[in-house]
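Protein chains: 4
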Amino acid sequence: MSDKKKKSGKSEELGFGQKAYTKTTRLISQNGEFNVEKGGLNFWQSLDIYHELISMKWWNFVGLITLAFFFANLIFALLYYISGIDSIAGHEAKPGLDHFINSFYFSTQSITTVGFGKLYPNSNAASILAAIESFIGLLGFALATGLMFARFSRPGRNLIYSKKAIIAPYQGINGLMFRFANGNKNQLIEAEVDVVISYWYPQGNRRVFKGVNLERKKINFFSMSWTIVHPIDEKSPIFGWNQKDFEEKKVEIIIMFKAFDDTYVRQVYDRMSYVAEEVEWGKKFSPIYNDSKKGKILVDMEKLSETEAAQLN
Amino acid sequence: MSDKKKKSGKSEELGFGQKAYTKTTRLISQNGEFNVEKGGLNFWQSLDIYHELISMKWWNFVGLITLAFFFANLIFALLYYISGIDSIAGHEAKPGLDHFINSFYFSTQSITTVGFGKLYPNSNAASILAAIESFIGLLGFALATGLMFARFSRPGRNLIYSKKAIIAPYQGINGLMFRFANGNKNQLIEAEVDVVISYWYPQGNRRVFKGVNLERKKINFFSMSWTIVHPIDEKSPIFGWNQKDFEEKKVEIIIMFKAFDDTYVRQVYDRMSYVAEEVEWGKKFSPIYNDSKKGKILVDMEKLSETEAAQLN
Amino acid sequence: MSDKKKKSGKSEELGFGQKAYTKTTRLISQNGEFNVEKGGLNFWQSLDIYHELISMKWWNFVGLITLAFFFANLIFALLYYISGIDSIAGHEAKPGLDHFINSFYFSTQSITTVGFGKLYPNSNAASILAAIESFIGLLGFALATGLMFARFSRPGRNLIYSKKAIIAPYQGINGLMFRFANGNKNQLIEAEVDVVISYWYPQGNRRVFKGVNLERKKINFFSMSWTIVHPIDEKSPIFGWNQKDFEEKKVEIIIMFKAFDDTYVRQVYDRMSYVAEEVEWGKKFSPIYNDSKKGKILVDMEKLSETEAAQLN
Amino acid sequence: MSDKKKKSGKSEELGFGQKAYTKTTRLISQNGEFNVEKGGLNFWQSLDIYHELISMKWWNFVGLITLAFFFANLIFALLYYISGIDSIAGHEAKPGLDHFINSFYFSTQSITTVGFGKLYPNSNAASILAAIESFIGLLGFALATGLMFARFSRPGRNLIYSKKAIIAPYQGINGLMFRFANGNKNQLIEAEVDVVISYWYPQGNRRVFKGVNLERKKINFFSMSWTIVHPIDEKSPIFGWNQKDFEEKKVEIIIMFKAFDDTYVRQVYDRMSYVAEEVEWGKKFSPIYNDSKKGKILVDMEKLSETEAAQLN
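Chains as they are written, first to last, in my numbering: chain A, 656 to 968; chain B, 656 to 968; chain C, 656 to 968; chain D, 656 to 968.
The hints are simulated quantities; they were obtained by calculation from the structure and are not laboratory data.
Since the model is a prediction, treat every value here as computed from it, not as a measurement.
Please note that a few of the clues may not be correct.
As the list claims (entries may be wrong) - Among the chain B residues that face chain C by a calculated CB cut under 8 Å, a handful are: (1) Gln-764; (2) Phe-876; (3) Met-927.
For every residue, glycine included, the Cβ atom is placed at its ideal position computed from N, Cα and C.
Could you build the full structure based on these sequences and the hints that come with them?
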C-alpha cells in the first residue's frame, strides 16, 4: 500500500512468494489472517503466549483467568493441607476432606488479600506460604490488569465486508466491486484501500499478483459505507474474463485497508480476500442510505450485502 | 490531508459520498463528530461499550463505576442473605432488614478485599461466595484501572475555535478566516490544516466538495493561536459569492487538523465545521497577543473570537 | 521538519508569527519548552492537571500521592471521629485526641484495604464510611497505577546538547556547529535535525525566520554523538555576520529534532535553541571518541561541550 | 531507510561517523544492539533504570520484584522489631529471633494488605509503620503493574536470521543473500529492508558505508520467510571481490528492517549485521516451504539456515 499510484496490471510482491503454495491454497482467510503455518519450532517457540492472551475472545480470557485462580488455590490448599491441621488456626475442621476444604478457603482469603482473619496462619510453614500466596496473588492480578489494558488498547477492528464481491455495470463498462463499513463507533480517518488480484498462471506453474486501479483509493473520513470499484477496462488484468475464467484461474481478490483510528489514536490495518466462488456476476448493490432522520445521515448496515440483478455491459 | 498541495477548487471526496444526505444535513457537528447514524445493527452490535467507556466524561465514568460497585454489593448481599443468617458469623443482626444490611456490609468488606474479619464467612456457601466476590472485586478494579489508563493515554483534544468564521479584507482581496488555539498545555508540533468547502449544487441535486488554498497550511509549533486564511481569489470556489449565496448554497466549511502531540507522544486529529450561519461578513479578528511580560509571549484566550468591523474589498 | 530539502535562506513559519513578541523575547527556553503563556482562561481551564501529573518530576509525583494519601486519611479520620467513639470497636481509646488518632489508624487500615480487623466498624455510619473509603482507596490506587504507567510510557528524552554553539572553521569557510548526544540507553533511529535561524529585522520591525542548510540532516542510528554543521556560505542568512551582528540582531538558533525511539517504540521530538550569547566564535569541538576498549566504541560524554581555540577563515 | 530509492554504491552516513572506531570494531552486535559505550557519565546518569527494567528478561524481572519484596519486608520487620515486642499484639513470640520472625510475618501481612488481623499493631509506632507499609505495598504493586504493562506493550521482536549470509549464483551473476523469518505469531505488514555494506578503506584510513541495491526491498505481508538478494553487478561496491577481500577489508553487512506490527499496533524496527567471517561463499539456500497440508502454507523454520553447495558464476 505505497503512496505512489500503482498502475493497473503491474506485478506485485505481497510477501507470499510465487512458488510456495499449490494452486488451490487460499492466501488470506476471510477473517484476515494469513494462511501460513510455521513448522520446525519447538512447543515453546511456536507458543506465542502473549499473542494468544491478547487476541483471544474476552470470554475465553476471563475464563482462563478464572481457571488460573482456581488452580492456584488448589495448589496452595494442598500445601496448607500438607503442612498440618494446626498449621492454620481459627477453625474446627475435621481431618480429611473437611480440613482440605478449610485450607482451600484460607487460600482464597490469602490470594485475594481479603484476609478476614478468622482463619489465620499458625505455623512457620503456613505464615510463609500465606506471605508467598498473597504476593503471588498481587502479582497475578497486576499481570491480569496489564493484559486487560493491553487488550483494551488494541483497536477492535470490526470492519464489515459485503459477503460477496460483485461484477456490476459501471460507466459503460463493468466493474469489480465490494462494499464495506465500520461496524464500531470508533472514528476512522484517512482511510486507504489497495486491491491486488492474484491468479494461477499455468504456463509458469505459479501464481501471479497484479495491483489494480481503483475508482478511488483514499477518503478522509470513513464513517459511512464505502463501495470500492475496480473498473474493468483494457488495462485491467481481468479484462474480458468471465466467471469460468475466474474459477479456473483460482482468482483471489486481496484487499488491504489502512486508516487512522481516532478513538484508539492508532494506525490500523485490515485485510480480506474474496476467492472466485465469492464473486457474483451481473449484480449491483442496493442503496444503503435511508432518508436522514433527526438531522443525521442514516446507514442501514443490514443492507450492506444486499444486491439486485443488473445487466452487464 | 495529503502531502501534495491541493489546487483550489479541485473536487474532493471526504467519504460522505454525494447523494447520501439531503441538502440541509450538517456533515460534521461542532464537537467534531460525524453526523452519521448506523442502523440495522442489533443492540449489542450498535453498543460499542469500550468506545463509550473511554469517551464519556470523567464524572460519568466515575459515577458508572460507583453504580457498578453499589449494584455488585447489592447482588452479593442478597446471595449472603439467602444463604442464611448464620452463614456469616461475628454479628448480632436480627433476621430481616438488619440481616440484609449486615450482609451488605460484609459484601463491601469482601469486594474491596479489606476483610476486617469481625464479620467472617461461617458456611460453605458464604466462604465460596466470599472467594468469588473478592476475585470479582480484584478483576473489576483491574478493569477499572485499565480503563482509567486507556482514558489517560488518549490525547485530550482541547482545540478552541473562534465561534465564527469571518470574511475579512486580506491583501487587496478578501479572505475566509477562522482562528483557533490549543486550550491545553500539551505541546502540539508539526501542525497541519486542510479546509474543504462543501455546498449544494442544485443542477446536479448533490453536494460538491472543493479543497481550497490556504495562506499557510503547516507550522512547526502550534503553541500560540493560529489564524487560517483562505484567500478568495479567482481560483477559489467561493469567489464572488456573498452572504446570501452562502446561505442558499448551504455552504459548510470543513476543517481537518493534524498534529503530533508531544505530551501524549501521539498523532492527533481534529475536525470542525462552520455552516453558512456561522460565517460573519466584514469583520476582522482583534489582536490576541498582549505585550509579553515576565519574558513570555502572552496569548489572551478570551479574545480568540473577538472581531472588529472591517471594510471588505 | 518537512521531507523536502529546505533551501538555505528560505523564510520559515514556525508558528510563532512575526509580530507577536518584542525584539528581546527568547522563543524556546533551553529545556525545550515554548516561551508562551496563555491568558484569559479561568483557573480550571488553565490548570491542565493531567499534563502536570505526567510531566512533573518523579519525586514530586510520589510526594503528591503521599500527601493525597495523608489528607484522605485525615478527612476520613475526622468523619469516623464525628460518628462517635463507639462507632469503631476494638479499642480502648480515650475521648479526644486519643480517639482521633485511633480513627486515623482505622482509616489507614480501610483505605489501604489491609483491614487487620482488630479495629472494626461497629455502627452503620462507620460501616458505610469504611465501605466508601476502601472503594475510594482502590480507585485512588488504580488512578495512581494508571498515571504511573502513563509516565512510564512517555519516552524520557534526555538529549544532552553542548552548552554553546560554536563558529568554527569548516572546509575552507566557517560553519555554525553544535554537538549533542543521547544521555539515555534508549536506541534512537532515523534521527533527523532541522535548524532555523531567527533574527530581528529592524526595517520591518519584526522577526525573520530562515531555514538553513546542514552538512547532514538525517542519520540512521543516533547512538553516538552528532555534530550538526551549518556551512556559512553565500547562501546562508548569516553569511558575513560577526559576533556583534549576532548580538544586535538578537539571533536565536532554533533546533528541531525528530527520531524513532526503539525502546519506547514511539516517535520522539525535541527542540532547543541557542541565543547569540550562547554562541562562541573561533572554537572547534574537542574529540569525543576514545580508543575503543573491550571491542566497543567509547563516547566520552564529559567532553561533549569541550572546545579548543581555532582560527576562523 | 529513506523513501527515495538508494543507488547502489552511494555513500551512506549511518550515524557511526567514519573515524570513531578502529578497523576491527564490529558496529552492530548480532542481537541488534549498537556496539557503543558511553563514558563520562556518573553512576546515576549511566544507569537507565527504566530501560533496564523493561528490557531485561521476564525471569530476571520477576526475580527482581521478588527480591525487592523480600528486602522491603526485611527492613520493615527490623523496624517493628526495634519498636518493641508489645508493639505488635496477638502473638506469644519470645524475644530475639522468634520476635523478629513474628515481625517479619506481620510485615508480609501489611505490605500485601492481606492483614489477617490475628497479628495487629498495638502501639503508635506499629500503627504508623503498618499504614506506611501498606501504602508502600500498594504503590509498589502499582509500579510493578505499570512496568509489567510497559513490558507487554513492547513488540517482542523475534526475527530469526539465517546464521550466515551467503554468496550464491543469481540470474547469471552472483548475489549476496540472507534469509529471515518472524519467529512469533504477530503479523508484520509493510515490511521494508535496507542493506548497507561497510568496509575498511586503507587509503583514507577510515570506514566506508555504501547502500546497495536489493532485488526487492518492500513486501506487503511478512508472514513467511524472506530471502534478501543483493545482485553483485558492476554497480555493487563488492563487485569482483572474493572471500579474501571480504576479510581483509573487514566487510560488515548492516541490515535495517522496518515493519508495522499488527498485533502490537506499532511500528517496529530491527537491525542485524553479518561480518566477513559470517559470509559463506558458493552456497545456496535449501527450500524452506513444505507441501501445504490442511490447506495451509507451511514454513519449516528449522531449515532457515540450511544451505547447499552451488557453483558461483
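Each hint, compared with the structure:
1. Gln-764: Cβ of Gln-764/B sits 7 Å from chain C, so the hint holds.
2. Phe-876: Holds. Min distance 4 Å.
3. Met-927: 19 Å, violated
Comparing the model with each earlier hint shows a violation of hint 3 alone; every other hint is respected.
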